[in-house]
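2 protein chains.
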Amino acid sequence: MAEFSIIEEFCHGIGPDHVDTKLGVGDDAAIVAVPAGMELAISADSMVSGVHFFADVSPAKLAHKILAVNLSDMAAMGAEPKWATLALTIPEFDTDWLKAFSDALKVIAGRFELQVIGGDTTQGPLNLSITIMGLLPQSQALCRSGAMLGDDVYVSHNVGDAALGLAVLRGDVSLDDAYRDIVVSALETPEPRVTLGQSLLGVASACLDVSDGLIGDLRHICQQSSVSIDIDAGLIPLSDAYRRYLNNGGSLDLALNGGDDYELAFTASPSQRSEVDSIATQLGLSLTRIGSVVQKRQNAVSVSLEGVDYQLPTSFEHFS
Amino acid sequence: MAEFSIIEEFCHGIGPDHVDTKLGVGDDAAIVAVPAGMELAISADSMVSGVHFFADVSPAKLAHKILAVNLSDMAAMGAEPKWATLALTIPEFDTDWLKAFSDALKVIAGRFELQVIGGDTTQGPLNLSITIMGLLPQSQALCRSGAMLGDDVYVSHNVGDAALGLAVLRGDVSLDDAYRDIVVSALETPEPRVTLGQSLLGVASACLDVSDGLIGDLRHICQQSSVSIDIDAGLIPLSDAYRRYLNNGGSLDLALNGGDDYELAFTASPSQRSEVDSIATQLGLSLTRIGSVVQKRQNAVSVSLEGVDYQLPTSFEHFS
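Line by line, the protein sequences give chains A and B. Going by this note's numbering, the residue at position 247 of the first sequence is 230; the numbering climbs one at a time, nothing skipped. Going by this note's numbering, the residue at position 316 of the second sequence is 299; the numbering climbs one at a time, nothing skipped.
Just so you know, the hints here were simulated from the structure itself, not pulled from any lab data. Among these hints, one or two may not hold up.
[Unchecked claim] As a list, the in silico DMTMM-like pairs of lysine to aspartate or glutamate whose alpha-carbon atoms are at most 25 Å apart: (1) A:K89 with A:D155; (2) A:K89 with A:E75; (3) A:K5 with B:D223; (4) B:K5 with B:E63; (5) B:K5 with A:D3; (6) A:K5 with B:D236.
As the structure is a computational prediction, the values presented were derived from the model and not from experiment.
Generate the whole structure from the sequences, applying the supplied hints.
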């Protein structure tokens, strides 16, 4: 089947047809309008077989994750996801695989009202790349550069489960079935914090997602805001599964540096505490204060546990 | 080296920093503003080793081509290229390769004033994917759906050289060195017709690039405009190299169906002939009238040569 037909058949009708979409799939380019007073946030994230996922992962989980990691970038800016292009390289034209993939794309794209407006399908080693676009009120983006001295540091939900899920899948850690399912789901089908990001506009001073690991990502805020951050490791929100792992001799390292959690970390003035609490209540999503922004020093992020310096493992810097 | 550093080092400063770029590389997303009265054209094109290029092609040629094929989609809409994201999957972290690739990206991005505002670098089998964005005056895009009965059909420069270049590289055809260089260049470093596309706004009724082959792509115009097209194969513009190939027993098939030429084919009312001629003169680029738009019939595109029906080879429909 020709490229054109593959795209037509499987990439058509993914997500709602937005009123600002002037031309969708089927021409040399799609055309969109950006409403007055709005700006466009744009981000791209890829996933490659054997690097970001095991080669035998189901197409449905793959579809979920590639959209989730991209949606998470919109969340981290406070943007409302609107459009995406999909570059899909697949080893062979397998209609069952494509249908399962496309059906799962439709579910999550529909949930987040994200419209796929273009793409390219190619034969080759499995590789997925999405460019996502979202709308933001002018000059209100949640950048990494806005953290101020004295701000609180928060993280949403909990961290460490995705890395623990990977350790479980690799056979490095064993957990009871119920816990195992929770941490593997955290790895394979993360929930992007899109509504949280938008709720934080005008509340957070800086924000990002902690996909590269909590501490490593907080360093980006430090660097771009010219500040440092103190974290109390005892405050870091952990799942029951992670606590079980801790009780069995595990360490906090995966929660601090593991990566692949698509939670938001953000800074906000202490004057916003009640506002942050009310967002947490409204969304039914815990937002935990784990530290504060301090004067810039050489060690960008320092972590203490029960008042004692916590020795950080080497940062999780994956080539991916 | 970590992903962050690779992107920072090699994908920073590619193309000019546009005034409408509110936030460039380095956050969870870039942010751009679309000026009042303008719309955004968006397109994505990928290239995979062994499918779109030989594995040993130089990084500089690869950089040129991946930008050119994407710029050509902007040209085909009449859009002014502005921004791009780059998803680059490379087998290993080879600084020489990356530097050559990045230097070549800078040259062509600079020439076409295209700013790379984001991307993702991953380890894996070589795979390049770009999403390109450009500006268009509201409701003026050159779509495939606008061809009208009686319109002329044009193609820019000439067609067939890229496919001939591929045949030469494969050893299927031999040509003198000078001709060989011309057709291999047509394949490896095509020139996107960006200025032509913008000049055709308000002049052409429908437009696309003929990257999938002249006749196959004209069929898209027929389908979307509910018309048919008659082509006089004797009028199709050919290079001296292609004519030499013809004289040596070659056929017109590569020019009709070969693909990988990034020329524009467009339709325009006969009342626009002098306007089209003056654009050709102004750009120093031949625009050749090769046929006309006729009433819709079963055979979307018919080709004649010296008054006799020309038997079309099977359409070049590559899975790529």
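Hint check results:
With a C-alpha separation of about 34 Å, the suggested pairing of K89 (chain A) with D155 (chain A) is violated against the 25 Å cut-off. As the CA atoms of K89 (chain A) and E75 (chain A) are separated by approximately 21 Å, the hinted pair is consistent with the 25 Å bound. A threshold of 25 Å between alpha carbons decides the hint, and for K5 (chain A) with D223 (chain B) the separation of about 42 Å lies outside it, so the pair is violated. Taking the CA atoms of K5 (chain B) and E63 (chain B), the gap is near 18 Å; set against the 25 Å cutoff, the hint holds.
A hinted pair counts as satisfied when its Cα atoms are at most 25 Å apart, and K5 (chain B) with D3 (chain A) qualifies at roughly 21 Å. At roughly 36 Å between alpha-carbon atoms, K5 (chain A) and D236 (chain B) are farther apart than 25 Å, so this suggested pair is violated.
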